[in-house]
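Q: The primary structure of each chain is shown beneath.
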Amino acid sequence: MAERIYIFKRFERFWHWSQAALIMFLMLTGFEVHGTYNFFGYEAAVDFHTTAAWTLVGLWVFAVFWHLTTGEWKQYIPTMEKVDAMLKFYLTGIFTDAPHPFKQTTVSKHNPLQRLAYLFVLVIINPLIWTTGWFYLFYSSWNDWGVGWLSLEWVAFFHVAAAFMMLIFLIAHVYLATAGHTATSHIKAMLTGWEDVD
Amino acid sequence: MQIIRSMIILGLGLALSMLSTHAFASTTPADAAKATEKVVEAKSDGMKAKKVKDSTADHSKFKELQKDFKTGPEVTRACLECHTEAAKQVHSTKHWTWEYLNPVTKQKLGKKNVINNFCTSVESNQTFCSACHVGYGWKDDNFNFAAEENVDCVVCHDTTGKYKKIPGLSGHPNYKSMEWPPHSGKFRPATDLKEVALNVGKTSRKTCGSCHFYGGGGNAVKHGDLDSSLDNPKRYLDVHMDADGLNFTCGKCHLSDSHEVSGSRYAPTASDSEGALIRGSKGDRNPSTCQACHSDTPHKETSSPKLNEHTDKLACQTCHIPAFARGPLETKMTWDWSTAGKLDENGKRIRIKGSTGRDLYDSKKGNFTYERYVIPEYVWFNGTVKFTLFGEKVEDRSLVKINDFQGDAKDPDARIWPVKVFRGKQPYDLGNETLGVFHTAGKDDSAFWGNYDWDKSMAFGMKAMGVEYSGKMEFVNTEMSWPITHMVAPKEDALECHQCHKEDGRLAAIKDIYMPGRNNTPILDKLGFLVALLTLIGVLVHGGIRIIMSKRG
Ligand code: HEM
Numbered sequence: 001m002a003e004r005i006y007i008f009k010r011f012e013r014f015w016h017w018s019q020a021a022l023i024m025f026l027m028l029t030g031f032e033v034h035g036t037y038n039f040f041g042y043e044a045a046v047d048f049h050t051t052a053a054w055t056l057v058g059l060w061v062f063a064v065f066w067h068l069t070t071g072e073w074k075q076y077i078p079t080m081e082k083v084d085a086m087l088k089f090y091l092t093g094i095f096t097d098a099p100h101p102f103k104q105t106t107v108s109k110h111n112p113l114q115r116l117a118y119l120f121v122l123v124i125i126n127p128l129i130w131t132t133g134w135f136y137l138f139y140s141s142w143n144d145w146g147v148g149w150l151s152l153e154w155v156a157f158f159h160v161a162a163a164f165m166m167l168i169f170l171i172a173h174v175y176l177a178t179a180g181h182t183a184t185s186h187i188k189a190m191l192t193g194w195e196d197v198d
Numbered sequence: 199m200q201i202i203r204s205m206i207i208l209g210l211g212l213a214l215s216m217l218s219t220h221a222f223a224s225t226t227p228a229d230a231a232k233a234t235e236k237v238v239e240a241k242s243d244g245m246k247a248k249k250v251k252d253s254t255a256d257h258s259k260f261k262e263l264q265k266d267f268k269t270g271p272e273v274t275r276a277c278l279e280c281h282t283e284a285a286k287q288v289h290s291t292k293h294w295t296w297e298y299l300n301p302v303t304k305q306k307l308g309k310k311n312v313i314n315n316f317c318t319s320v321e322s323n324q325t326f327c328s329a330c331h332v333g334y335g336w337k338d339d340n341f342n343f344a345a346e347e348n349v350d351c352v353v354c355h356d357t358t359g360k361y362k363k364i365p366g367l368s369g370h371p372n373y374k375s376m377e378w379p380p381h382s383g384k385f386r387p388a389t390d391l392k393e394v395a396l397n398v399g400k401t402s403r404k405t406c407g408s409c410h411f412y413g414g415g416g417n418a419v420k421h422g423d424l425d426s427s428l429d430n431p432k433r434y435l436d437v438h439m440d441a442d443g444l445n446f447t448c449g450k451c452h453l454s455d456s457h458e459v460s461g462s463r464y465a466p467t468a469s470d471s472e473g474a475l476i477r478g479s480k481g482d483r484n485p486s487t488c489q490a491c492h493s494d495t496p497h498k499e500t501s502s503p504k505l506n507e508h509t510d511k512l513a514c515q516t517c518h519i520p521a522f523a524r525g526p527l528e529t530k531m532t533w534d535w536s537t538a539g540k541l542d543e544n545g546k547r548i549r550i551k552g553s554t555g556r557d558l559y560d561s562k563k564g565n566f567t568y569e570r571y572v573i574p575e576y577v578w579f580n581g582t583v584k585f586t587l588f589g590e591k592v593e594d595r596s597l598v599k600i601n602d603f604q605g606d607a608k609d610p611d612a613r614i615w616p617v618k619v620f621r622g623k624q625p626y627d628l629g630n631e632t633l634g635v636f637h638t639a640g641k642d643d644s645a646f647w648g649n650y651d652w653d654k655s656m657a658f659g660m661k662a663m664g665v666e667y668s669g670k671m672e673f674v675n676t677e678m679s680w681p682i683t684h685m686v687a688p689k690e691d692a693l694e695c696h697q698c699h700k701e702d703g704r705l706a707a708i709k710d711i712y713m714p715g716r717n718n719t720p721i722l723d724k725l726g727f728l729v730a731l732l733t734l735i736g737v738l739v740h741g742g743i744r745i746i747m748s749k750r751g
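Protein chains in written order, with our numbering: chain S, 1 to 198; chain G, 199 to 751.
Just chain S, with the same shape it has in the complex (with noise of 0.2 Å):
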């Protein structure tokens, strides 16, 4: 019998679906000012990855202050623990009906492979986006912070790095929310912070 947990609590959920709204127009805008197509142009695209981007680092200052006051950061301890068994369910279990190695609950939300994942999330991608971003965005103000050493083109081109590395975590990442007790429950869960759980 299915039975249902708590498990995102209101602030969880709205950062998550504000972060992913900034980040997929970040990232529409960003490639767009790299070159990659033409969409809102070229003058457009720049205020609004600036716009999005100045409100990207708005929501993670609430998120970091959020996780450190509830203590919800622990959630990103990486583990090793059935990582093997997790493995092992994504290649052959989850086409058989096979039951989920990780049983979720309001205290650990994540399973092992998970964990791993957000955590280079927050421990490389974003930082890099965000140090590169920031420096890219005072460009200008370089010499007078005593950095004008720095190459715009390498703060380029790890900011890119790093946007690339953000799109394929998405893709992987959309992908999985339907691998959960049913192809719909983690993305259900989101949305009411209810997820369904064996």
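These aren't lab readings, by the way, just hints derived from the structure by calculation. There could be a bad hint or two in this list.
No more than 20 Å apart at the CA atoms, straight line, and that leaves these computed lysine to any residue pairs for SDA-like [unchecked claim]:
hint, chain 1, residue 1, chain 2, residue 2
1, G, K700, S, N126
2, G, K504, S, S140
3, S, K74, S, F8
Given the structure is predicted, the values throughout are model-derived calculations rather than measurements.
Based on the hints, put chain G with the ligand in the right spot on chain S.
A: Below, chain G with the ligand alone, put in the same frame as chain S:
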């Protein structure tokens, strides 16, 4: 799009308020000018004041000028009776000496010394070239540069529009009726010097333009951003000189002091990162730059901060003069002297005109091309120009740079500037290893324009430079750059970001700087999109198998 934007902006006013640190209150000089205009209008409306002259002296009332002057120098003598120091002032200017010592490169420049790729050189051709000298009588090296009466006051101070120095008369206007243009069958009446003298006044676009619009041998030929369409321009052509608007004279920007006019093409001011020039401020900043009025943060706080942040790399002109020769006139783009001298079967001069009435071929000068609405080329420029002068050996004769703009991305004084690059083909003396000086105009037997004989004309020209012609010459390709700075377009016509920020954009030739939007990281892009695509395929396959399996089960 608007909606998305306003939602983001509304929702996160907080984040945005941080951005407003960029907001410096600023009004453009145009705004300020408009405001004062209104005040003046209101005043004159109220008082119904009758129009007063803006000069305190009406020269038509001076008895010193009520004379039937026979020659230009006679007029000058009359001017000097009151303006006792004027000629001495003029004597020290480039307009008079045609010489300029570049303090940085130590090169001796000026029209007298530089060889260009239009009519090439003044030496041995003074009778013609001096039609644009502010003097009378410069026909050869014996000209008396110390004589005050040799200064031509009226060429700059005429207001009648009837005073014209005729090429071939060594800087004089015609004192007798003469056929002009040559062989046209039209006659110019003798210059009424009395009328001209009684009506002198301030310089105007027309007086400056009488030489500067016609450089290189004709209207619109040389600069590309200066031609007679600026006599009476509309706003689209030049926001400052707009005859129905700001109506600037040249002197409004090119402020003069003791007859020394500011702004020089031999030592231009390529960058000025200070605020607007305030009266009384110390130092010797050039008052004729854009920044002298607009400062180097000219864009309003309501526009993107990115605009002001571009002024450390771009000259104002780069965005605000999107093309040159934007008026009705084409400017000359190339001049090939090597084809000059061909004659028809009767041994007569050939002239072929294009559909717009411009010469495409002239036996005297060779082949030309003209263009209108020309997109400039762009170069780094820090204000230093190196010329290839007479007597300088050229290492690489495949392309001789008549002048070379210095600067690169690393140079804090360099900005990206728009230039007209004029391409020519002209004589080079192989024995002496120097650009050639040849004799073009004159009634003698060596002038190319009478005899079409290169050797004779070279021998004459080189001798005038103090060198024996080697007898061996060839035509070399040359390039000369002209900074584009006039014909400033209205702001709505300024360049847009994407015109440079794209692959093969306007700044494609500027390679030593990173610019987002022009395909900078091709390998990273390929790799990134490949991995993203593989991930996508992976999840689609995975999902497909799940769907199939669940249907079976
Ligand atoms: C998921 C988030 C983000 C993605 C996917 C993203 C993507 C991109 C990409 C692809 C470019 C083009 C770079 C180039 O070709 O040189 C770019 C430019 C830029 N990004 Fe981001 N970015 C993100 C977040 C941020 C953040 C957080 C900031 C600032 C803190 C930022 C600031 C900038 C700036 C300043 C530029 C330069 C162009 C401009 O002024 O708009 N970005 N971004």
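Q: All the hints need checking, so say for each whether the structure fits it.
A: Structure-based check of each hint:
1. K700(G) with N126(S): violated, 27 Å
2. K504(G) with S140(S): Distance of about 9 Å is within 20 Å: holds.
3. K74(S) with F8(S): OK: K74(S) and F8(S) at ~14 Å, within 20 Å.
When the structure is compared with the earlier hints, a violation turns up for hint 1 alone.
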